[in-house]
Amino acid sequence: MLQKFRYIWLIGLGVTLLIIGLPMLIALRDTTPTTPSPWQAIRATPQHVSHAALINGDFKTGSEVTRACLTCHAEAGQQMLHSVHFTWQAEPVVFGERDQPIGVGKINLLNNFCIGIQSNWTGCTKCHAGYGWQDANYDFTNVEQVDCLVCHDQSGTYLKAAAGQPAQGVDLLVAARSVGAPTRQNCGSCHFNGGGGNAVKHGDLDESMYFPNPTLDVHMGKLNFECTTCHVTTDHIIGGRSLTSSADVLTRQIGCTDCHAENTHQDARLNAHTDSVACQTCHIPAAARRNATKMLWDWSTAGQDLAEDPHHYLKIKGSFEYEQNFVPQYFWFNGLSDRYLLGDPIDPSLPTVLNPLAGSINDPNAKIYPFKVHLGNQPYDKVYNYLLQPNTVGGYWVHFDWDKAFVAGAQATGLAYSGQYGFAPTVMYYMQTHQVAPKADALQCADCHGESTRLDWQALGYMGDPLIWGGRK
Amino acid sequence: MTTRRLLGFTLIALGALTLLLAARLEVRAQGGGSLASPMHPSVTLLDADGVSVLQRNAPISTAKTCGTCHDTAFIMANSAHSRADLGFGLERLYPPAAEQGDGGEMNCFLCHLANPNNAARLEALARDELSWANTATLIGSGIVERTATGYRYNAELFTDGALSREALPIQDPSTANCGLCHGAADHQTVTPLLVSACDINAFNTATTGQIFSPQRVSQSALNLTNKAQTTRSFDIHAERVLKCTNCHYALNNPVYYQPHKAESPSHLQFDPRRMDLGEYLYRPLHQFAQGSNAHYGGLPSATENTMRRCESCHDAAQGHAWLPYLERHTQVLACESCHIPQTFAPALEMVDYTVLTADGAPNQSCRGVTDSEVPLFTGYQPLLLPRTETDGTQKVAPYNLITTFYWAYGTAEKQAVPQSALQSVYLTDEGYAADVLAAFDADRDGALSDAERKVDTSEKAALIAAKLAALGFPNAEIVGDIQPFALSHGVASGQWAIRECRTCHTEDSLISRTLTLAAYTPNGVLPSANGGNVMLGGSLRHTSDGALIYVPPPQADLYVFGHHRAEWADTLGMLAFLGVLGGVFTHGGLRFFMARLRAKQGIKAHPSLKRVYMYSVYERGWHWLQTAAILLLLLSGLVIHRPDSFPILSFAAMVVIHNVLAVILVINAALALFYHLASGQIKQFLPEPKGFFNDSIKQALFYLRGIFKGAPHPMQKTPQRKLNPLQQITYLGLLNVLLPLQIISGILMWGIRHFPELAASVGGLPFLAPFHTLIAWLFAAFIIAHVYLTTTGHAPLAGISAMINGWEAVEQAPPQSSD
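Chains A and B are the protein sequences, given in the same order.
Numbering-wise, the first sequence is residues 0 to 472 according to numbering that gives the first Met the number 0.
Numbering-wise, the second sequence is residues 0 to 818 according to numbering that gives the first Met the number 0.
Check before you lean on any hint, since a few could be wrong.
[To be verified] If you only want the chain A side, here are some residues facing chain B, beta carbon under 10 Å, derived:
1) R5
2) Q265
3) A439
4) D440
5) L442
6) A445
[To be verified] A short list of chain B residues far from chain A (calculated; beta carbon distances all over 12 Å):
7) C68
8) T146
9) D198
10) K260
11) K394
12) D643
Please keep in mind that the hints were generated in silico from the structure rather than gathered at the bench.
Even glycine gets a Cβ: it sits at the ideal position worked out from N, Cα and C.
Let's have the full structure, built from the sequences with the hints guiding it.
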């Protein structure tokens, strides 16, 4: 039969090619392991629809703009009512030994910058994604008080003033017609100015990130990321959380490994670090690389008529220390933190940590992370031994009378003021996670090991430099 | 909150505060971690008489001071670092002088303090204050200061005559200590590194361009080409926090000491009888593990090659999976050859001591730096030179060559003229001597320009020689030396090492690069090679502009595929190939011409044809598989042989393909042999003794005469007898001679990494490779002839078609010619 089959040669040709081709393919196949591209995790940017022709009207108030937005985006209002950007309060969770869950947020917390918003609403809510929050009786269920423009204005002309209302002279129609997906400018207008001015609070968020170069922030400067590229947003719920004001939960946590494989280094030595060292520790070699950030705020010196300089002393705020391009401090951290709550007792002779970090060398979930440590010296009640909420906006900042300020603060918080105050040291930790440097600027072995002092190994719980003493088991 | 958690938080907070306060005091003081020994006791500084230096404001005697606890006499007697006037100078590039005089006591501070003041030490030496040089090293520490009249100790720092651990923090030598004299060596990443070109006081950097630092090149302060892209560290070992003493350890340091293998009985894995730490601290041997030096001024041979080698710590088999023939590469290449692909700092090229500048310095030139106003570093690619390793093997390793020219005097054994003598020849207190100016200053401007400052005529040479003779240095003449300086620092990690095959496997291979030795030669003197264990067998050539270049020798025992080719193999092979090609064209042309002639004359052959099933499926299969394999082997072999003609093809892939094809060919050949043996078809290939010669002649005559006349084929092709006698002879030769030779030579070359001795026994690669090439040419020639002969059937394509379809129309033998 084979003798008669005319096209047997075709089969022969195929077999020959296979015999030659297959072994070659096997021998030449690329055996270098490939890691999945980090781009796979990046969501596509939705197509933008220009609203220039869609919006008409003579807008007198912000709420009128919101009403116009809601005619088409009806669901957005309800979504925003559940967003922490509007509520300033996270889902209730149980902190440590407390007996009931508490929903915390800017709405009810104290920090060691401007201290707290209660009684100071009109000043603080300039950065609230809503309109008209000026006292404790704010209606958090009114969709028309949502401020769409602060996040969506692309004209660059929108500005908020007292109680979050649009500033005088803002052309709301121009702003409304410009709306689009939030950009670095939208987020940065509040987040780069945390603490009352550019770069004050975080150490890793400041106005240098509006137009960063690749060496400052490789994601934004080289790859042109927006904030929302990583802070993935669904139904107006924005991913990510702040360890200083959000609740003790990891549900909204975002991280490097959302996109990057944990063992992405070509060097096994480096990969061996990722169990104990957070990406940020090496890839953010210094904090506040472009703009100096506040390291210390001493309220006790406020009220004096000294020479003023926003980086050293202001009569209304006291004295400060700023630092730029500094080596962060490094601590074990498992992503969770406790929180000092209004009325918690303090020992004024010791520094009170307002957001104590969880994690230690013995905690397998903890890694070494870089932090900016902000020191405060802030008012407390000498009789009740707790930190006090002063009324500063329209209060102390006008009359410079601490007593009056605490009385007004106590009225807002409902927490008694004995009439005797002092100043107590406080500490807050700000994890450094933005301003990721290009890999060529990442830390090297010698930055932590050997003769370097960047890491205090014994303070971290090691017997000594793990290069010589061995790592944690 | 649990108590434990609360406690943890409080502790963290307290720690943070402490740290913060400390950080405030010492803002960004990174890299300044103290290495100070936590156990070193307080020290009473003693003078030469063993009493406190405070008593008579006398210089510190390190031998007495440190000798209180350590055996300083032993240490100084056994160290190349034992003199107070320790240091490098250009004279180290010169044959060493016999006497060196009193060098003072060993300077312990220079290597055992964090911030020794080397500049003050050198100033003291320059002022001829030899006895104060060690004391001067402490200036700046607060212990001692230099006043207008001399030195003064700060008595307040002393407690009961002694300095506390804080006041005099004694430490193990850090990389920076070694770097004080040896070159750009550092352990920190914070302060950008700066290097000045060819500064002889940084000896090892000046002579080689090596930099030992963990810093990324891109973050250094060097003015360097391509800097931003060079994100590697200067040295991977420094990057991985190794310091000098990790490799160059004190030889009796119990941490590193390994007894020599030959000293222990073979059954013993570990000898627990060690020197204890106390004994070591009393008598620490200040001889340090080292490699080997081929240049002047190397250290005593007793400590040569005492250092651990790359392979003592590294397993090359791990991490080189991408590199074909790893074993072969490591047989002939030192690790440094690929892992030190370039330097970043410049290095000395030539030092000409035959002439002096107005400052009394020799002429010198650097490689790896531009001649511009602001010098731009380019670094240089070191020269790969074969050297004899301690185990007797020869490997290629990277070197810088420094050429020195100097005056030597005497009759039998020439000795170098000392620099001081040369200075009195050239210079007076007012500048150049008048007769020197008269001879050298061509433009009469009273100064010597760079161009004028050369001994470039025999008149000038004679003048200097005469002046030297007058000073008591008779028969002085210019001598030149070429010294190799090995590169073993500045190591790149794998990612930055040489990975491209064509760096070496190409016409312009790294191993055949020339190197400029000098821009000129004084009075035309050619330097001689002074290579030690380094083979400097190349030739020296002058370029048209007078520069001297080193041309590496053709290395007889090295055959680099793609770079080396043997003339004889290629010539012979090509002749055979062209001969066959020519023959085929002539024969084919004649056939064509004669056939047309016959057609014109109306002669038509009408052989009676018969369709026969000539080739079985298997026969056709193995034939075509072999065809494909051989053709592809020839092609891939050609790329390996001449990679420069195929720049887009990957050299490494071609090597892999060639090897895979060879395996396929050998298996196919073996299976075919088995088939032919088992089926008895082998007899097709075996000539029958009876009538073989007659038949052969008949067949030859047919090809020479009959075929042109359209005569019938003398042999009838049948499935039982497919091959005519000539074919049988050819295939016997092909299959029994060429193919086995090619397979064997191929296997030997492939196996050179596993059994190099076997290949070496038949001449090694320098014979095997050209031989393999020659046979490849013969195979190519065979293919031409073979294909042509398939057209000699009744119709030109009948043969090929039969090999495809199996069926062939063959001539039936006329009845009368059959037996």
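- prompt: Of the hints given before, which are not true for this structure?
  reply: none
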